[in-house]
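Enquirer: We have chain A already, so just place chain B on it with the hints.
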Amino acid sequence: MTSRRSFLKNAGSIVLYFNLMPVQAVAQTAAAPELPSSLAANSGLDTWLRIAADGQITLSPGKCELGQGIQTALAQIAAEELGVSFDQVRVATVDTDSSPNEAYTNGSRSVEVSGTAVRAAAAEVRAILVELAAEELAVDSNRISVRKGTFTVDGTSSQLDFGAVVKDLNLARKATGSVPPKGRDDYHIVGKSLQRIDIPRKTFAEAAYIQDIRMDGMLHARVVRTGDREAKLLSPIEFGAVSRLPGVVKIVGDGSFLAVVAKREEQAVNAARALAKLCHWDTTELPFKESTINKWLEQAPADVKVVGERGSVGSAPVDKTLSATYSRPFQAHGSMSPSMAIAHRSGDQLTVWTHSQGVFPLRGAIANLVGLDEQNLRLINAEAAGCYGHNGADDAAADAALIAMKVPGKPIRLQWSRADEFLGEPYGSAMTTKVSAGLDAEGRIVDWRYDVLSGTHSIRPSGARRAGNLFAARQIATPLPLPPVGNIPQPRGGGDRNAVPLYSFANQRITKHLIPVTPIRVSAMRGLGAYTNVFAIESFMDEIAHAQGQDPIDFRIRYLEDQRAIGVLEKLREQMVDADFDSAEKPAGVGVAMARYKNSGAYCAVAMRLTVDTATGQIKLDRALCAADIGLVINPDGAINQIEGGVIQSSSWTVMEHLRLGRVGVASKDWASYPILTFADVPLVEVALIDQPSEPALGAGEASQGPTAAAIANAVANATGARIRDLPLTPARLKNL
Amino acid sequence: MPVRLNVNNEEVVLDVDPDTPLLYALRNDLELNGPKFGCGVAQCGACAVLVDGSPIRSCVMPVAAVVGRSIVTLEGLGNRENPHPLQAAFIKEQAMQCGYCANGMMMTAAALLAKNESPTDEQIRSALKGNLCRCGAHGRIVRAVGEAARSSQERETS
Chain A
1 MTSRRSFLKN
11 AGSIVLYFNL
21 MPVQAVAQTA
31 AAPELPSSLA
41 ANSGLDTWLR
51 IAADGQITLS
61 PGKCELGQGI
71 QTALAQIAAE
81 ELGVSFDQVR
91 VATVDTDSSP
101 NEAYTNGSRS
111 VEVSGTAVRA
121 AAAEVRAILV
131 ELAAEELAVD
141 SNRISVRKGT
151 FTVDGTSSQL
161 DFGAVVKDLN
171 LARKATGSVP
181 PKGRDDYHIV
191 GKSLQRIDIP
201 RKTFAEAAYI
211 QDIRMDGMLH
221 ARVVRTGDRE
231 AKLLSPIEFG
241 AVSRLPGVVK
251 IVGDGSFLAV
261 VAKREEQAVN
271 AARALAKLCH
281 WDTTELPFKE
291 STINKWLEQA
301 PADVKVVGER
311 GSVGSAPVDK
321 TLSATYSRPF
331 QAHGSMSPSM
341 AIAHRSGDQL
351 TVWTHSQGVF
361 PLRGAIANLV
371 GLDEQNLRLI
381 NAEAAGCYGH
391 NGADDAAADA
401 ALIAMKVPGK
411 PIRLQWSRAD
421 EFLGEPYGSA
431 MTTKVSAGLD
441 AEGRIVDWRY
451 DVLSGTHSIR
461 PSGARRAGNL
471 FAARQIATPL
481 PLPPVGNIPQ
491 PRGGGDRNAV
501 PLYSFANQRI
511 TKHLIPVTPI
521 RVSAMRGLGA
531 YTNVFAIESF
541 MDEIAHAQGQ
551 DPIDFRIRYL
561 EDQRAIGVLE
571 KLREQMVDAD
581 FDSAEKPAGV
591 GVAMARYKNS
601 GAYCAVAMRL
611 TVDTATGQIK
621 LDRALCAADI
631 GLVINPDGAI
641 NQIEGGVIQS
651 SSWTVMEHLR
661 LGRVGVASKD
671 WASYPILTFA
681 DVPLVEVALI
691 DQPSEPALGA
701 GEASQGPTAA
711 AIANAVANAT
721 GARIRDLPLT
731 PARLKNL
Chain B
738 MPVRLNVNNE
748 EVVLDVDPDT
758 PLLYALRNDL
768 ELNGPKFGCG
778 VAQCGACAVL
788 VDGSPIRSCV
798 MPVAAVVGRS
808 IVTLEGLGNR
818 ENPHPLQAAF
828 IKEQAMQCGY
838 CANGMMMTAA
848 ALLAKNESPT
858 DEQIRSALKG
868 NLCRCGAHGR
878 IVRAVGEAAR
888 SSQERETS
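Chain order of the listed sequences is A and B. With this note's numbering as the guide, the letters of the first sequence map in order to residues 1 to 737. With this note's numbering as the guide, the letters of the second sequence map in order to residues 738 to 895.
Okay, chain A solo, but in the shape it has when bound:
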């Protein structure tokens, strides 16, 4: 029996997760509150697990592989609960025709949300199989257990395996949540660093990516556009010469949406180049330069809201007030594979292969864009290079769909160029944060005020009503309306993600200034506001600690009540001693920082050792140490890989990445105009995981970015005495300090 209190608690957490899901899914969750949220929304057991006559098991989650290793982690959970070998489990790709609707693969929630659902579903399937085996063996079911896919009776193998009972298996039934999963002491597969299932096919050049899908009669398409989706194509244009180029099948135009379709890829590239030369665009000048973005943010109209408050600011006697302002420019996801998609129209049916993070929400948006009923669309996910958030994937899928509608009967492979991706992707938002701390006579922080100014971090095209977020939706002859920008509430937050400090200040007020209209399109980039907010808070804490001559780790611990946050800092301290970080002498420096991602996810503390050449302003990142607590660890090496990658990617953002702006728009169009860290510059990274088998599993993918940024800035201060508060920490900002 579910008590009213626990029901409300569950309902609350369900609503929090499903606030991005279609209404239908939310309605379904209310019926079965005791189930994990994803399983409640998709309660058919056969939606999650299928067992073939030969005993081969297919796990079908609603989360997609982005290079983060989620397929492996979920297969480990399923194999563990079913009682089979890890290699007996295959993982299906996400397909709107057959997969559970788990909305987006984002926010480091896949292990938490999908993992919990897979665990419960697999436990229930195992119980069903055990019942079938009990009938077959004519013994009581409580004498049966499963080992490596074979049933045992009182611990002795029965020779009966999954394949033998599967003929009577009916998984087309609703999950009940009545079968308790295994105890964690009994885990043999979860918690092991098993090799990822996707790595061999990638290493041996087998078909592993969406790019490797080839279809009979497939045509190649390219779009012709500027990076500004509001830019209007000035007509009339005489396309005749281009349509007579070799291989050109069709030029597709709809308002300012322009694309070319050809038989061969190089023919599409050549035709697109020729077409671009004929086009003139009416574009709007940007209201800022790179150097004035943050000035612009200050005066832009904003929705202002207090998102965190404790005590009453201004109430405590303050001896001294310190304040600082931090900034981050626009930054790019910069996926290694420019976005692409394949779309195939057959009559009134449209199938789209896409590397979107959310095929279910995207289906409704594309249906609206092309004017089909949603049930006539099928979207199938296939992996591309890592996306690190909302990049061009959804836009390219929409482009391919628009083209395929005009070229029915043939699969259309639409490939963005590198420049299309850099100019067209929705960037990470530029941000300004302002912090002030009031210290009492003993130097304790008793008053904390924090303001975060930012454009949105959420314009995903989720569902028909948000189709206007697609790039092409603003280009077509009858543009779709721009939906209101996303405003993710606390505790997750968008621009204000991690704006509320983990520290227990007596009086604090955190205010979010959401700028709904930004002249540059922005959306979710790995960590959202957490990257900048952790950079600001952890830089400022370090500055105060230093001003008071206190050890930066001791200083932080003084304001922490959360034992796990203290735990990662203490672990980091041990790592720093072992690595002899204290020996760093100028021009070398060491900096530390810590955060709990979203204040509800993984804990991560980072120490960075670096050297600053003050003559040139060059930073040489030497070595990063990292301590993380991600609760129950499903696959330690997979988690470490994610955290290491986060440290390196954030290092790149922090020391060099900023979107170049020209007069009319973005000027970063390739890796020369948007350089990133290379092998010559990346730090060595060492990660220690704190084992917490009794805690829920937490995602690791976005935990290390914020702490890394602040650790670098704090190390620069340690090395040079100068606090750089504007990202990135470029040589120009560090020269002659």
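It should be emphasised that the hints constitute simulated quantities derived from the structure, not laboratory data. Be a bit skeptical, because a hint or two may be false.
[Claimed, not checked] Computed cross-link-like contacts, SDA-like style, restricted to lysine to any residue with a CA-CA straight-line distance of at most 25 Å:
#1 LYS148/A with VAL166/A
#2 LYS277/A with PRO799/B
#3 LYS866/B with SER673/A
#4 LYS434/A with ALA717/A
#5 LYS866/B with HIS658/A
#6 LYS263/A with ASN765/B
Expert: Same frame as chain A, now just chain B:
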């Protein structure tokens, strides 16, 4: 116009324009998955293949320029049954996240190991500095190349 190429030790004849980038001929005509389209302007290295043993950017190399030369792709390096030491090491070290750059890493490293059978980490980093990785698998990749060098030497001496 027919173009005759030697790819992974096989002679192939393609009916393509001689200006066609080698990458498209390999991926679209020969249906090879190894070389990847990453930038199209020789900046990222995802499309690397070996031409007469040297790593080149196939996205900017016209097919006419490689006629009569030996082209090796990741497929030609090895397979599940007979993996190249680099492939075995990339799996052992789990040296990727998304893996999209891994082709370029392995092809470039294969050329390095052919010249220098026991490179230092610094030499590995230097050889790979023109290959971009966005996931941050750099440390694992350097380890994997070093591991491949060691295992190749062990194989030779045993």
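Enquirer: It remains to establish, for every hint, whether it holds in the given structure.
Expert: These are the hints, each one checked on the structure:
1. Between LYS148/A and VAL166/A, the direct Cα distance comes to roughly 15 Å. Compliance with the 25 Å bound is thereby established for this hinted pair.
2. At most 25 Å may separate the alpha-carbon atoms for a hinted pair to count; LYS277/A and PRO799/B meet this at roughly 23 Å.
3. Of the pairs offered as hints, the one joining LYS866/B and SER673/A holds, with about 17 Å between alpha carbons and a cut-off of 25 Å not exceeded.
4. Between LYS434/A and ALA717/A, the direct Cα distance comes to roughly 19 Å. Compliance with the 25 Å bound is thereby established for this hinted pair.
5. About 21 Å separates the Cα atoms of LYS866/B and HIS658/A, which keeps this hinted pair within 25 Å; it holds.
6. Pair hint LYS263/A plus ASN765/B holds up; C-alpha atoms about 11 Å apart against a cutoff of 25 Å.
Consistency note: the structure conflicts with none of the earlier hints.
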